[in-house]
Amino acid sequence: MKYELPRENDQQHFMSIIEKMSGQNIRLCYQCGKCSAGCPICHEMEDSPNQIIRYIQLGLKEQALSKNTIWLCASCQTCSTRCPQQLDLAKIMDSLRILHQQESLQQNIPFSTSAKDFGHRFYNSLLNGLQMDVRSNVNAFSDLFLKMVRHYGRQFETGLIYNYNVNSGFLFSNVLKGPMMLMKAKINLIPEDVKRREKVEKIFSKIEQLEKSEKEKR
Amino acid sequence: MARIGVFVCWCGSNIAENVDVVEVARYAATLPGVVHSVDYKYMCSDPGQKLITDAIRTQHLDGVVVAACSPRMHEVTYRRTVATVGFNPYLFEMANLREHCSWVHENKAEATIKAKNLVRMMVEKVKQNQPLYQIQIPVTKRALVIGGGIAGIQAALDVAAGGYEVILLEKDPSIGGHMAQLDETFPTLDCSQCIMTPRMVEIVQNPNITLYSYSELDALEGYIGNFTAKIRKKARSVDITKCTGCGVCQQKCPAKVPSEFDEGLSTRGAIYVPFPQAVPNKPVIDREHCIKFTKGKCGLCEKICPAGAIDYNQQDEIVEEKVGAVIVATGYDLLPKDTYAEYGYGQYPDVITSLQFERLVSASGPTNGELKRPSDGKIPQKIVFIQCVGSRDASQGRSYCSKICCMYTAKHTMLYRHKVPKGEAYVFYMDIRAGGKNYDEFVRRAIEEDKAVYIRGRVSKIYLQNGRMVVRGADTLIGGQVEIKADMVVLATAITAPKGIDKFAQKLGVGYDLHHFLSEAHPKLRPVETNSAGIYLAGACQAPKDIPEAVAQAGAAAGKVLGLFGGKNLCREPIVAKVNESTCIGCFICQKACAYGAIEMKGLKDRKGNVIKVVASVNTGKCQGCGACTATCRSNSIELEGYNDQQIYAQINAIGFTND
Amino acid sequence: MKYAYFPGCSLHSTAKEFDLSTRAVCKNLDIELVEIPDWICCGSTPAHTTSELLSLALPLANCTWAENNHLDVVAPCASCFSRLKIATLEVQKDADLRKKINTIIEGNFEGNTKIFHLLHLFSNGNGSAEKLKEKTKRDLSTLKVVAYYGCLLARPKEVAGVVDVENPQSMDRILNKAGLDVLDWSHKTECCGASLSITDKKVSLRLVHEIIQTAADAGADCIAVACPLCQSNLDLQQSELKNNHGHKYHLPIFYFTQLMGLALGLETNKLGLKRLIVDPRPLLKNKNIIGIEE
Amino acid sequence: MSLPSEVIEENKNEIKKDWQPKVIAFLCNWCSYAGADLAGTSRLRYDSHIEIIRVPCSGRMDPLFILKCLEKGADGILVSGCHPGDCHYATGNYYARRKFATFRKLLEFCGFDLRRIHFSWVSAAEGAKWSKVVNEVISQVREAGPIANMYSRRENQL
Ligand SMILES: Cc1cc2nc3c(=O)[nH]c(=O)nc-3n(C[C@H](O)[C@H](O)[C@H](O)COP(=O)(O)OP(=O)(O)OC[C@H]3O[C@@H](n4cnc5c(N)ncnc54)[C@H](O)[C@@H]3O)c2cc1C
Ligand SMILES: Cc1cc2nc3c(=O)[nH]c(=O)nc-3n(C[C@H](O)[C@H](O)[C@H](O)COP(=O)(O)OP(=O)(O)OC[C@H]3O[C@@H](n4cnc5c(N)ncnc54)[C@H](O)[C@@H]3O)c2cc1C
Ligand code: SF4
Ligand code: SF4
Ligand code: SF4
Ligand code: SF4
Ligand code: SF4
Ligand code: SF4
Ligand code: SF4
Ligand code: SF4
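Residue numbers (my numbering), protein chains in the order written: chain A, 1 to 218; chain B, 1 to 660; chain C, 1 to 294; chain D, 1 to 158.
Careful: at least some of the hints might be erroneous.
Unchecked claim - Each pair of labels, with its calculated beta carbon distance range:
#	chain 1	residue 1	chain 2	residue 2	range
1	D	84	B	295	53 to 61 Å
2	B	483	C	164	21 to 29 Å
3	C	164	B	363	35 to 43 Å
4	A	199	C	134	42 to 50 Å
5	B	477	C	27	53 to 61 Å
6	C	30	B	500	25 to 33 Å
7	C	141	B	369	58 to 66 Å
8	C	134	B	349	58 to 66 Å
9	C	282	B	294	36 to 44 Å
10	B	592	D	83	18 to 26 Å
11	C	279	A	199	37 to 45 Å
What the hints assert, rightly or not - In silico DSSO-like pairs for lysine-lysine, Cα to Cα no more than 27 Å straight-line:
#	chain 1	residue 1	chain 2	residue 2
12	B	108	D	17
13	B	592	D	99
14	C	16	C	285
15	C	100	A	199
16	A	212	C	100
17	D	129	B	108
18	C	99	A	206
19	C	157	A	91
20	A	20	C	285
21	C	99	A	199
22	C	99	A	91
23	A	199	C	114
24	A	147	C	100
Hint data in this document are derived by calculation from the structure and do not stem from the laboratory.
Nothing here was measured: the structure is a model prediction, and the numbers come from that model.
Note that beta-carbon positions come from the ideal geometry of N, C-alpha and C, so glycine has one too.
Turn these sequences into a full structure, and let the hints guide you.
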């Protein structure tokens, strides 16, 4: 492998973006690896957490953002708790994910609650969905989750899981659990009725506008 | 009226080229109080110096200003010169026309004006000067060494070899410190006790050395050359003049106490000698654990002691010793392993500290040198060593490197392989710090010959799986997690300052750093001195150190003491603070400003001997002449000789514009 | 004692038994819970990995009601608790941010309300632990349990408010007071991967396996949890371990409130025991803790 | 502050054509004084309108010295000591720094032009730094103008 190190300026730029977003001083990391040593997900990651920090230190933005690491991170905070240099790595992972989404390096999966769209999506997912990786899974899940909240004010798990399976392509894995859960009366078939739905919608749209204008300012 | 002489130097062309020296001399002669003013090519040459001494005599001068180079260059020269004719050297001042004027300014007219100003300021200052006399401090030529580890032992032996008396103070029942606990030592792998025990014996045999073991310093008073140490000899409960050291008592004692010497891996009695080669080889009773003292029963040792040496009624004894210098060699502690919950919290018996490992492999240790692990006595086939435990760890408040653990861990892997030839040793490290003669070669040998596997990364957790410890770490070189099932884990826990050393340092008036290691006066050029004159440092009390360094520093500290004792009296520059007792209001704000503890309280008495007023008083043995006190006193009652307010204000008052 | 109660989405669906047992136990110990009317979802992980503002606005829209009514908030779900607490801490630190959020949620949150996890209610020295001990009716001393805290109840330290992040004790103490045989073990705070249980099942299965296996190795009959995400992850996926890791386990995953309820002698149907996927009743019957017919 | 009358007379209102500033520097013996010596030994040229008073340590500095200098017609003051941690007397430079900061605040509060008052850390090895500091300080003092103007302005206002 060979990496072209960006000029000092670019390097500073990427590191300082992440520093600003996360409020962490990335230079504190002395690459001891304790974060990776304790990370429960490290086995599955393309690059271990300390390597992601290294990429940031060297200004290798592409590398930092393109690995599945940031999407697999479970935000468990084990790394943040044990880091000898007191870096909040989980927060840095958050920042990388947010940055990734902001920069739309990856297209988000659209979502709709209408029955017609469901069918459409279902069909589509049969065609394409099977190749999707964690990144799109996590994105899809987050996306759906928030859209559920936006729409109903609360999470509607049946809808969430159903939609997620349809969209992610892992069609049968979790849906199978459905009947068992229902048997135990675990999940609701009908979403709960939150009276403040409009208010929730307002919160979401306000934030959307705010963030858009902030992004434009930058 | 003052009679000042001014002597303006050309320094060849060094000054004369950029400053009109003749004009400066002419100008000086016009200043009020100046009765004599000349210029000369090389003032520091013999004829130049003679110009000055002659003028002092013929002109009856009471002040001399030499306008030449920096006082840092020739102040000492001229002080000696004027003293040869009985002139008080502190009635002399220098104006710096070379470094601060001719060499830095190009415009000759401007430089000449400046030169005049500088001369005028000095003339005004010297008018305020008072004769001062060197301070002679008589020196008690005995040294106190505190701490009987290798550093303290070496320092005591070196000072004694110079022919002076030494008092060696050790808080534990025996001297030896940590080195006595070690097995073989890097970088040569010679046996620690073999090289140490002879020196310990020498301590008791040397007629110049008095050993107070099981004793502590209660107080240290006085100043350089003249300290009084109050030493508490803790009650041993054994009369060592009677005890023959037969050891029957400790064999029979029913109490069982974890042995400090074996780091808790074995037990000792309540009456005990910490280890077989102890010096002195006489037991003490640990009253906290003795059944006689805690419950009033037992008394077995008294019954069986053939020498009748047991004395339960012995009391602590306070002795006072007068000494002229103190060497502090109080050593270090090891961070307890239970600081790291993720490494098993002291729950897993087979997670041990490096010092415990030393005891486990030591021939004199609890297993007689067979490496058996604490939980079940099995020989560990796979050991994991973890470096930097508690060191270089900001989250633990310790960002420093403990310096010696890289080396002793390499040593441990070797000792392990020598005991268990088929065993596997893994080392988790962040960096290998092996700077020293033959040190890196030593580490390479551990890797290349003794097959230690070094893994670059930290360990995050140790947990049990089916009763076996799993060490989960990272190898940052391959970029992933690694897990090792281990039979034993050795933590290279951080070297820390001994608990309570801050209080102890305050007692001595010695500074300490953030981590409570004692502070040297200057990290490079005065590494064994402290800011308190007459108190020196040796060994790991100053910073983590290995044996070669501890011994070298001990020798250096002894050298300083011998230097101090070598002269007749201690001569000090008279640049010290002085209190005006009639105006001092006794607020002692100055005391807080003084970094040297030089300001003491003094009671002023009336004729009947009643104290009527408490005022500040400067201990000239301790004062270093910084003037911090002077600048703090609100009633202007404390002055720094040589830089007193009148002298500085005289210079300031003279700054006005040169009139011609 | 009166608290604003934030059940969160899970307690209204997958974790109804947590809700049930919490209410029952609190009632028994004279703790009054007032459910925040018309509460909305806290946004959980997806919100804070998507937008910082969202992750603050959603929780605080709920806390505002509590503050206006001068109540501290208690949340049984570790995730909700964590989000609520972090959000209040963040706006306490940053007045500008607080103003921004207040305009978004169209309310006025000052940051005075305290956020507790349910565990804190029984371990923060308000006397309910002692009360629990006094009121214990069933003997659970034969039940060997390990306390599983997961991530969010131990980390980060400032949020979780624990003394020792690597070895938290609050649940252990409560279970002790309830008379159980609480064992020491090493995986108290290891992540179970709940947040990946849907998105990357393989990973979360492996983590679940490690935790269940370590608990079984330590000699536990069951695991106590204080978080609906941990519970459903450990409970639901246990059956799949056989297929994926070749081990069959049968460790009931109790909410700690269910165990408290058992100790307090509450009726088992009020504790939702039947709703657990790994049915705990055979174990409890075996240990003579509940009757055959229950 | 009492005013030297002749100064007021001379500099009634504007800057005299040939006005040159006068800066007084207090240097600690161990670091800054030696640093200034080094500037000399290295022949580093700098503005000549600075005169040095040697003190054992910057901790010896009494704020009154500064007031006295100003009263006597100094246009600017520089106090220079060892770098933090390098003080020959362990802590003197910390004291100095603290005292000086408070003093500056006080002056600022009184409406005093802070371009006249400076503090620096110059070590025995920093000859170049010394000459740079001097030039910077003097150029700031030049901007501030003759101290006498300040006095006369005050007088006029009264
Ligand atoms: C595991 C381990 C392995 C090591 N291996 C090696 C090695 O192989 N080679 C090597 O060169 N170095 C090694 N070292 C380092 C070595 O131990 C130290 O360099 C050396 O012991 C320092 O000696 P010291 O006299 O400064 O301190 P210490 O040995 O700590 O001695 C200090 C003495 O002062 C006494 N004392 C403390 N406070 C007071 C007080 N207030 N009043 C009176 N007495 C007091 C103590 O009781 C003690 O006797 C090792 C260290 C460790 C931890
Ligand atoms: C690039 C570099 C940077 C450094 N930076 C630092 C630093 O920042 N901090 C630090 O602490 N250390 C630093 N050092 C190390 C420092 O230079 C040495 O520690 C120190 O100079 C050693 O001093 P010395 O007196 O032992 O040897 P030397 O300085 O080498 O002095 C030996 C003297 O002996 C004379 N001599 C040699 N042979 C004979 C003979 N046969 N007869 C008579 N005279 C003889 C030589 O001419 C010389 O004057 C640095 C070193 C280097 C190379
Ligand atoms: S634990 Fe901290 S210092 Fe160590 S590699 Fe990870 S982020 Fe860097
Ligand atoms: S927070 Fe993410 S990176 Fe850190 S240990 Fe947990 S899963 Fe790994
Ligand atoms: S006294 Fe100083 S200035 Fe004069 S000749 Fe000697 S070295 Fe040069
Ligand atoms: S039995 Fe008596 S003589 Fe023997 S060692 Fe003990 S005290 Fe000393
Ligand atoms: S009296 Fe104390 S020291 Fe003596 S044998 Fe009994 S317990 Fe041991
Ligand atoms: S000496 Fe080595 S093991 Fe010890 S703290 Fe320093 S780097 Fe770590
Ligand atoms: S000398 Fe000054 S500061 Fe010190 S005690 Fe006396 S009055 Fe106070
Ligand atoms: S001059 Fe300095 S050392 Fe001397 S008494 Fe004053 S403050 Fe202390």
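Okay, the hints, checked on the actual structure:
1. The hint said 53 to 61 Å for the Cβ distance between residue 84(D) and residue 295(B), and at roughly 57 Å that hint holds.
2. Residue 483(B) and residue 164(C) have their C-beta atoms about 24 Å apart, which keeps the hinted 21 to 29 Å range intact.
3. For residue 164(C) and residue 363(B), the Cβ-Cβ distance of about 39 Å falls inside the hinted range of 35 to 43 Å, so the restraint holds.
4. About 44 Å separates the C-beta atoms of residue 199(A) and residue 134(C), a value consistent with the hinted range of 42 to 50 Å.
5. Evaluation of the 53 to 61 Å hint for residue 477(B) and residue 27(C) yields a pass: the beta carbon distance comes to about 58 Å.
6. Residue 30(C) and residue 500(B) have their C-beta atoms about 48 Å apart, which leaves the hinted 25 to 33 Å range violated.
7. At roughly 46 Å, the beta carbons of residue 141(C) and residue 369(B) sit outside the given window of 58 to 66 Å.
8. The beta-carbon spacing between residue 134(C) and residue 349(B), approximately 38 Å, falls outside the hinted interval of 58 to 66 Å.
9. In this structure the hint that residue 282(C) and residue 294(B) lie 36 to 44 Å apart at CB is violated, the actual value being about 53 Å.
10. Roughly 23 Å separates the CB atoms of residue 592(B) and residue 83(D), a value that falls within the hinted 18 to 26 Å.
11. Taking 37 to 45 Å as the suggested C-beta distance range, the pair residue 279(C) and residue 199(A) conforms, at roughly 41 Å.
12. Taking the CA atoms of residue 108(B) and residue 17(D), the gap is about 20 Å. The hint holds against a cut of 27 Å.
13. For the proposed pair residue 592(B) and residue 99(D), the alpha carbon gap of about 14 Å is at most 27 Å, so the pair holds.
14. Restraint check: the Cα-Cα separation between residue 16(C) and residue 285(C) comes to about 23 Å, which is no more than 27 Å; the hinted pair holds.
15. The suggested pairing of residue 100(C) with residue 199(A) holds, with an alpha-carbon distance near 16 Å, which does not exceed 27 Å.
16. Of the pairs offered as hints, the one joining residue 212(A) and residue 100(C) holds, with about 15 Å between alpha carbons and a cut-off of 27 Å not exceeded.
17. Between residue 129(D) and residue 108(B), the direct Cα distance comes to roughly 23 Å. Compliance with the 27 Å bound is thereby established for this hinted pair.
18. Taken as a hint, the residue 99(C) and residue 206(A) pair is honoured in the structure, with Cα atoms around 14 Å apart against an allowance of 27 Å.
19. In summary, the hint linking residue 157(C) to residue 91(A) is supported, as the alpha carbons are separated by about 14 Å, within the 27 Å threshold.
20. Between residue 20(A) and residue 285(C), the direct Cα distance comes to roughly 57 Å. Violation of the 27 Å bound is thereby established for this hinted pair.
21. Under the criterion of a C-alpha separation no larger than 27 Å, the hint pairing residue 99(C) with residue 199(A) is consistent with the structure, at around 18 Å.
22. Between residue 99(C) and residue 91(A) the alpha-carbon distance is near 23 Å, which keeps this suggested pair within the 27 Å criterion.
23. A hinted pair counts as satisfied when its Cα atoms are at most 27 Å apart, and residue 199(A) with residue 114(C) qualifies at roughly 24 Å.
24. For the suggested pair residue 147(A) and residue 100(C), the alpha carbons sit about 23 Å apart, so the restraint of at most 27 Å is met.
Violated hints, in rising order: 6, 7, 8, 9, 20; the structure is consistent with all others.
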